[in-house]
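Trainee: Fit chain Y with the ligands to the given chain P structure using the hints.
As given, the protein sequences belong to chains P and Y, one line each in that order.
Residues are numbered in my numbering as their position in the first sequence, beginning at 1, plus a constant of 835.
Residues are numbered in my numbering as their position in the second sequence, beginning at 1, plus a constant of 401.
Source of the hints: derived by calculation from the structure; they are not laboratory data.
Using N, Cα and C, we set each Cβ at its ideal position, and we do this for glycine too.
To list a few chain P residues with every Cβ distance to chain Y over 10 Å, as calculated: (1) Lys877; (2) Val928; (3) Glu932; (4) Tyr935; (5) Asp950; (6) Asp1052; (7) Val1080; (8) Leu1083; (9) Ile1113; (10) Asp1116; (11) Thr1142; (12) Pro1352.
Label pairs and their in silico Cβ distance ranges: (13) P:Leu1265 / Y:Leu415: 28 to 34 Å; (14) Y:Asn640 / P:Glu1205: 40 to 46 Å; (15) Y:Leu415 / P:Pro846: 20 to 26 Å; (16) P:Glu1205 / Y:Val487: 31 to 37 Å.
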Amino acid sequence: MGGGGGRGGEPVAICRLKRVASDLRDDIRPFLPDIPEEKNGKRIACVGAGAASLTVANDLMPLGYEVTIFEKLAAPGGLMWTNIPEFRLPAKVLWEEIEYITDMGVDLRLNSPVDSLAALLEEDYDAVFIGSGAPKGKELNLPGRWDSEQVHIGIDWLESVRFGHVESCGDRVLVIGVGNTAMDCCRTAQRLGASDVKVMARKTKPHFKASPWELEDAIEEQVEILENHSPSKFIVEDGQVKGMVFDLVSWHEGEGGRLKAEVHDSKVIECDEVILAIGQDTAFPWIERDIGIDFNNWDMPIVDKTTFMTSRTGVFMGGDAAWGPENIIWAVEHGHQAAISIHAYCHGESLTDRPAEGMNLVSQKMGLHEWTYSNDYDEAERVKMRHVDLQERFKRLDIEVEEGFDIEQSLTEVERCLNCDAQTHFETDLCIECDACIDICPLDCLTITHNGPEEELTGRLTAPLLNPEEPLFISEDLPQTGRIMVKDEDLCIHCGLCAERCPTAAWDMRKSDLLIPYAGLDAGEVHPGMSIMDLAGAGAR
Amino acid sequence: MTHIAKPRIHHPGLARNRLGLTRRDYEGPMSTLCAGCGHDSITAAIIEAFWELEIAPHQVAKMSGIGCSGKTPTYFLKEAHGFNGVHGRMPAVTTGAHAANHELVCIGVSGDGDSLSIGLGQFAHAMRRNIDMLYIIENNGVYGLTKGQFSASADYGTKAKRGEVNREHPIDPVLLALNLGASFVARSFSGDKAQLVPIIKGGLRHQGFAMVDIISPCVTFNDHRGSTKSYEYTRDHYNELVQADFVPPAQEITASYEAGDVRTVTMHDGSRMRFRKVPEDYDPQDRDQVYAYIRDRQRAGEIATGLLYLEEVPPDGEGTHFHGIQGTVDEPLVNYPFEELCPGAEALEELQRRFR
Ligand SMILES: Cc1cc2nc3c(=O)[nH]c(=O)nc-3n(C[C@H](O)[C@H](O)[C@H](O)COP(=O)(O)OP(=O)(O)OC[C@H]3O[C@@H](n4cnc5c(N)ncnc54)[C@H](O)[C@@H]3O)c2cc1C
Ligand SMILES: Cc1ncc(C[n+]2csc(CCOP(=O)(O)OP(=O)(O)O)c2C)c(N)n1
Ligand code: SF4
Ligand code: SF4
Ligand code: SF4
Ligand SMILES: [Mg+2]
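Isolated chain Y, as found in the complex:
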């Protein structure tokens, strides 16, 4: 346990957003993760993104399963709703929450074990259903909480702390997500907040399933020489393929930005993702091309990062996300009185009669 407290004092010039909140108001209690864990850095990026987007904490549902990563929602947005589910079952619980109240902003924080081992089926179906959520995988290549066994994202040939070599091939959540129809696919690194914060903001504003795979080194069990998920290895093999900025709805995009090979994608709420520094033969809206490109970079030993793929339904278009597909009513289901949601045995019988 932590005995040392974070003093309440802050920088005298600390800015407030339109809700009158400072970044510190989006924090939670002190983390109990290992000092230097990548997960804590991601927590800091999440806090920054929510503060910048000016989202009221009580309008957020923060969801997780089991793992060190699963503990992290405690450490941000202390006033938000939260559910810490069974190992690998966070997607199902989030689906339920989102079905009942689509007005909540859903963020799920998972681990590579939680999503790619025990929870792979749940993860796959959440993407297939295009649940409107930001799904973060804090990817460290190990089961951190249970003391560092290789996870399903551990690279072939990577070494464990005691020297064992991994002889199984990894599941890459980015390729999987592209395959299963996720509409927002990104990879980032806990040590690169300049890239990470705009991606998280975009993922929160995206309508549909936003999958962000974040390399997040486990300092305790997977940050040694020979590991392919260490801080050093990640930096050495890092390739920021695409740079993306998040532009809120009200903000003008100046002409100079529009020039050149800058591409802007407008999201359903009017905010935009602006792609810069995209390779010439790369189209972040062409699923097949992106898939091939990422696989190539992988073969070349590179870790390709950035907002890699984005499919955004125009604001006036037909929804392909969960509620659009299901054709649910606009009013969140939670707002209906119980009698209306559950009209009783007679109504049920009446309904069943219609199918006979």
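Bound-form chain P, shown alone:
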């Protein structure tokens, strides 16, 4: 789908609108699936209580499984708890959502690191899921790295802040790296009292790994981001960092299109503290290498991308642990897929015959002039999120910066939607060529004309083609004149007026839902005793 209406612009802020729904929710517990009292006799062990393992438990508990989660730390949540700062993800929200899952009767064992997978496999479990994340922050082995205690690994430092082991930091802080972890580190440093925080980037902005919105939020908080600074050594005096030396570089395309750095100069930047945020690795010191789990050359376990099973049957893996750091959504998706596999595995069924995704297409007409969705389209810019005042937000670590949308903002943002799920659907045989759809279309994206070669045809459209990449919809020959109906999908805003003004329902607006299967449930199916409306209402899936 192109810009819709032929314009660019940012997509609808779905994440923010989901938050509105969440902010305004009532008690959702009545909508959650019932957990069978009588268990199915299958016992599953999960390593780590992060998003991936919690999802496995969420999907298997309603099916009668007994799920045990072993967590090294004193609380569940994984990086969502230890690393994502509270000014972005309030603990209250996190606990509530984790509780929906643990309250299903999960046997959650905190402070219980798994030191040996071999030992775990000895125990009486039908399957094991490994969701232990990617817990090792990458090192920067430059001269001076080990000479001071004021040089930290970003994810460890954030965890120390969370647990109260670190309550302040130096005045001038350098954050090395410009990914999302770096953004959380620099903003946390600001809140711990730093007054001069610099994020040091080796490359230029287009190459920054951090999401644009995280960069924006950091810049709003007056963090300075310096491009083309490649660290070369730490300056440490008497165990105290005094600064770092950087090569000033520029980048050129070398052989094979790879960027190569050219050093022009070097520069000392003074500081009191350095935080390294240049990536994460997985680490499996607790997995013995002789128990049938194969590792590749980079010491990563080999995991099947479809079944999420390791080379040892019955041992599954997902989340950051499987292929390195991603994000929460991916960890959750891995959990869903692994749960499907575990369910099949425990029932002796094939893991590779995955339940198919479904798709439906349902007319949205409810009656005369009535459609199930709001057809209006507001050309407004994406609504800006309100943020807590700059002075105010630095007072404590746990002041959530984003305030959420109010009703007015939500309504505006919702009307920016191009209703891409409501598709125009054409039934050639029904068309009487009355021109009503052509006349009403606000974007002039419809044409009835005689057939012809595509390049010549595009010259005969009601309105000029703006995006030649997007293929035109071309109907069969129309019954009365043998001409064709052409639609330029790129322009369509799915307002439904063509269908509204069509006398024969040749044009109809049909909503397509992607139906996703879950463990024990076919696409579109829900747990016994629940209705689709329950699910839609609860947003449980």
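Mentor: Showing chain Y with the ligands alone in chain P's frame:
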């Protein structure tokens, strides 16, 4: 009522005319006619024509009587003047408006019932007086608004939705107009905008009465098998007899167009109608020949369409239209102060004395 609104967004490349207006600026509110009604398509053609002619909406008077067709002026040129008169009386009201202010561009939209049944007398006299207006008949063969009774244009033998057969002969507005001296006579089809838009433009620029009969299927009451005014029947019996282009005054006509059997008629404001694809034995400026020709095609079961007849007074010629015949002053009457238009009882007495 319509609950669904037309979003204001439009195609980013939507053109503006010299007044700085887009085609969308010539629209009105959303139509409340039945979806698929031919009348709505004619509305779209009218919008296109006014936009292309670059006529400022406030300089237009849009007039109508009663019927679904009578409702349509609401749906175009929302900034224009308008009068929705009594059933069949639109010609009289337009005559009055035009008499008072000949600078307004008058467009009347009527139905086959409005013009050929209750309003036939008014329609006939407006043509006889050659009122300077574009008169559109949205012809669907039925009284749409009152639920589909046969109108006076229903063909002999055509069937109503429930199967009744019409046993009365129709009045053909084209033959009637040729008979009564209309100076611009055309027939078209709501489903053929390529033909319709230039005809509407020509009709608006023509000085005198321009009658355009437009087959405009009523999807609700007259679009079934057995109807002779359905989309399908019209297409099956369609014969585009004459093709006419509208050429605005400033535009050059290139030599290649002038070649062959192309005939160009210049209108009083310098714009021209260019006739193409005219049959050899057909002269769109010979009233008697056109009359005979159309009647023949009708007997052959064809619906002859196009700008069928045009009699244009040359720009420097004597006017035969309403104001020319009446010999009124050039200045529109509305521009005169009331005292001058109505000089009082004494002046009246003085005038009457002169006739005694
Ligand atoms: C600073 C930072 C900010 C981020 N911000 C976002 C964001 O805004 N949005 C987003 O979507 N993602 C974000 N991410 C990424 C996201 O947090 C992770 O991708 C996601 O949490 C991975 O989930 P997981 O379940 O695979 O692993 P984790 O969340 O890492 O959970 C693994 C759990 O396993 C436990 N564990 C490990 N080894 C053992 C063992 N041997 N025995 C027992 N327990 C063990 C760990 O203690 C941990 O609790 C961020 C990451 C970081 C570092
Ligand atoms: C004086 C008077 N007589 C009768 C009517 C009832 N009436 C309303 S519309 C109509 C006929 C309309 O037919 P037509 O002009 O063909 O318009 P259409 O609805 O088909 O467009 C009639 C008879 C009326 N409104 N006023
Ligand atoms: S939904 Fe129909 S009327 Fe609306 S923009 Fe798309 S094609 Fe045009
Ligand atoms: S409105 Fe419906 S019947 Fe009319 S031309 Fe469009 S698709 Fe065909
Ligand atoms: S009744 Fe017939 S003429 Fe009237 S709006 Fe409906 S389709 Fe058009
Ligand atoms: Mg009628």
